[in-house]
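Participant: The listed protein sequences derive, respectively, from chains S and L. Sequential numbering from 3 applies to the first sequence in our numbering. Sequential numbering from 431 applies to the second sequence in our numbering.
Heads up, a few of these hints could be off.
30 Å max Cα-Cα, derived DSSO-like pairs, lysine-lysine [as the list claims (entries may be wrong)]: (1) L/Lys504 <-> L/Lys452; (2) L/Lys512 <-> S/Lys123; (3) L/Lys504 <-> S/Lys121; (4) S/Lys123 <-> S/Lys141; (5) L/Lys504 <-> S/Lys144; (6) S/Lys123 <-> L/Lys504; (7) L/Lys507 <-> S/Lys144; (8) L/Lys437 <-> L/Lys504; (9) L/Lys540 <-> S/Lys123; (10) L/Lys540 <-> L/Lys452; (11) L/Lys507 <-> L/Lys547; (12) S/Lys144 <-> L/Lys547; (13) L/Lys507 <-> S/Lys121; (14) S/Lys121 <-> L/Lys512; (15) L/Lys452 <-> S/Lys141; (16) L/Lys450 <-> L/Lys504; (17) L/Lys504 <-> L/Lys479; (18) L/Lys507 <-> L/Lys479; (19) L/Lys437 <-> L/Lys540; (20) L/Lys547 <-> L/Lys450; (21) L/Lys547 <-> S/Lys123; (22) S/Lys123 <-> S/Lys144; (23) L/Lys479 <-> L/Lys450; (24) L/Lys547 <-> L/Lys504; (25) L/Lys540 <-> L/Lys512; (26) L/Lys479 <-> S/Lys144; (27) L/Lys547 <-> L/Lys452; (28) L/Lys547 <-> L/Lys479; (29) L/Lys450 <-> S/Lys141; (30) S/Lys121 <-> L/Lys547; (31) L/Lys437 <-> L/Lys450; (32) L/Lys437 <-> L/Lys479; (33) L/Lys547 <-> S/Lys141; (34) L/Lys512 <-> L/Lys452; (35) L/Lys540 <-> L/Lys507; (36) L/Lys479 <-> S/Lys121; (37) L/Lys479 <-> S/Lys141; (38) S/Lys144 <-> S/Lys17; (39) S/Lys123 <-> L/Lys450.
Honestly, the hints are just simulated from the structure, not real lab data.
What follows is the residue order along each chain.
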Amino acid sequence: MGVCTRLRDLDRVAKELGSSELVAVIYCNNCVRACGSGGEAHMTRISQELRQRGVRIEDEILVTNPCCRQFMEDHDFGGAVKTVLLVACTPTAYAFQTIHPEIRTVVALDTIGLFINSKAKGRVKLAMAFPGYEELQGKEFKLGDASTMYDDEQIVAVEPTEVSS
Amino acid sequence: MIIAMRKLSYPALRDSLDRKAKIIVLSCNNCARVYGLGGRAGLQAVADKLEGDGFNVIRRELIGFGCALDLVAKRRKDPATKDWFDQADVILPLACEHGQQTIRMAFPDKAVPEVSKTVGIGWWTSETVRLTHCVSGVDLTIDDPQGMTLDEAARRLGVEPGPF
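Generate the whole structure from the sequences, applying the supplied hints.
Facilitator: Here it is, written out as structure tokens:
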């Protein structure tokens with residue numbers, strides 16, 4: 003766990019995918035679960051919403067950990083699929099393109115930063131941000147729903163201490 | 431996966447530690463296993479070196495996710511680990527900066543050396559790890575569409591990849 007993502011606007015995603023080509027959707031089932039941006043719990047809904055927007059989804063594949071490229075290497079898309087939608091963080095698209103450079107990739111998530119999480123507090127905290135999302139650094143979100151941000155901050159960071167005595 | 435690198439060489443780490451201190455080496459076994467700083471191999475590497483140099487390593491602890499605060503904090507209360515963590519002076523984190531941070535949160539009374547620098551995220555196979563995106567504040571341009579090897583990234587950033 004650790005990469006904080008948010009689901010992009012599905013109208014825009016659908017527009018990028020178009021309605022002429024068959025699409026396979028690869029769903030990550032790792033960090034995205036903590037952010038509520040994908041994973042097993044959301045794949046049916048996301049696919050359905052994309053279909054309603056005209057996207058021709060041929061296949062939906064749940065992958066435990068697609069940033070490990072080997073988890074994606076065994077999938078044969080059979081030549082019919084020309085585009086893959088990755089409901090995963092951006093590096094997975096880089097990994098996928100090294101396996102299938104002939105397939106166009108679209109990423110459904112914005113990768114905004116790195117989080118720490120507390121199940122007990124029901125929160126994730128954006129500990130580091132990627133360029134463009136710096137204003138969110140230090141903010142906390144609902145565990146399982148990174149679109150819900152809390153204005154207060156309850157997970158208290160601790161400064162480093164001296165080691166040697 | 432998150433990618434972090436070592437800010438310290440082994441001699442620098444060794445020189446920063448007190449030989450009388452009771453040390454727990456606590457390693458993340460998720461991303462840190464992949465980028466090499468931690469996992470079983472990274473944990474064994476540094477613990478063996480420290481013991482060989484006369485340091486008092488009282489426990490080697492592996493944790494599934496160093497970024498999960500509850501998992502780290504559980505070590506303070508769990509009967510299997512409580513006594514060890516109570517008596518420790520130093521918890522040496524083999525994890526990204528977030529792992530270091532969660533250890534400091536869970537154990538504010540312990541010294542937690544600043545070992546790693548989180549540089550970004552990437553993808554991996556059993557043969558390679560590639561850095562594709564840097565976090566804000568890390569000044570590194572990645573031109574290769576497959577991402578950058580950790581050796582190259584470390585060279586450019588002036589840090590060290592892999593285990594101690």
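Participant: Against this structure, judge whether each hint is valid.
Facilitator: Hints, one by one, checked against the model:
no., hint, verdict
1, L/Lys504 <-> L/Lys452, "holds (20 Å)"
2, L/Lys512 <-> S/Lys123, "holds (22 Å)"
3, L/Lys504 <-> S/Lys121, "holds (12 Å)"
4, S/Lys123 <-> S/Lys141, "holds (14 Å)"
5, L/Lys504 <-> S/Lys144, "holds (21 Å)"
6, S/Lys123 <-> L/Lys504, "holds (14 Å)"
7, L/Lys507 <-> S/Lys144, "holds (26 Å)"
8, L/Lys437 <-> L/Lys504, "holds (27 Å)"
9, L/Lys540 <-> S/Lys123, "holds (23 Å)"
10, L/Lys540 <-> L/Lys452, "holds (10 Å)"
11, L/Lys507 <-> L/Lys547, "holds (29 Å)"
12, S/Lys144 <-> L/Lys547, "holds (26 Å)"
13, L/Lys507 <-> S/Lys121, "holds (16 Å)"
14, S/Lys121 <-> L/Lys512, "holds (20 Å)"
15, L/Lys452 <-> S/Lys141, "violated (35 Å)"
16, L/Lys450 <-> L/Lys504, "holds (26 Å)"
17, L/Lys504 <-> L/Lys479, "holds (27 Å)"
18, L/Lys507 <-> L/Lys479, "holds (29 Å)"
19, L/Lys437 <-> L/Lys540, "holds (20 Å)"
20, L/Lys547 <-> L/Lys450, "holds (27 Å)"
21, L/Lys547 <-> S/Lys123, "holds (26 Å)"
22, S/Lys123 <-> S/Lys144, "holds (9 Å)"
23, L/Lys479 <-> L/Lys450, "holds (16 Å)"
24, L/Lys547 <-> L/Lys504, "holds (25 Å)"
25, L/Lys540 <-> L/Lys512, "holds (14 Å)"
26, L/Lys479 <-> S/Lys144, "violated (42 Å)"
27, L/Lys547 <-> L/Lys452, "holds (24 Å)"
28, L/Lys547 <-> L/Lys479, "holds (21 Å)"
29, L/Lys450 <-> S/Lys141, "violated (39 Å)"
30, S/Lys121 <-> L/Lys547, "holds (25 Å)"
31, L/Lys437 <-> L/Lys450, "holds (24 Å)"
32, L/Lys437 <-> L/Lys479, "holds (18 Å)"
33, L/Lys547 <-> S/Lys141, "holds (21 Å)"
34, L/Lys512 <-> L/Lys452, "holds (14 Å)"
35, L/Lys540 <-> L/Lys507, "holds (15 Å)"
36, L/Lys479 <-> S/Lys121, "violated (35 Å)"
37, L/Lys479 <-> S/Lys141, "violated (39 Å)"
38, S/Lys144 <-> S/Lys17, "holds (29 Å)"
39, S/Lys123 <-> L/Lys450, "violated (37 Å)"
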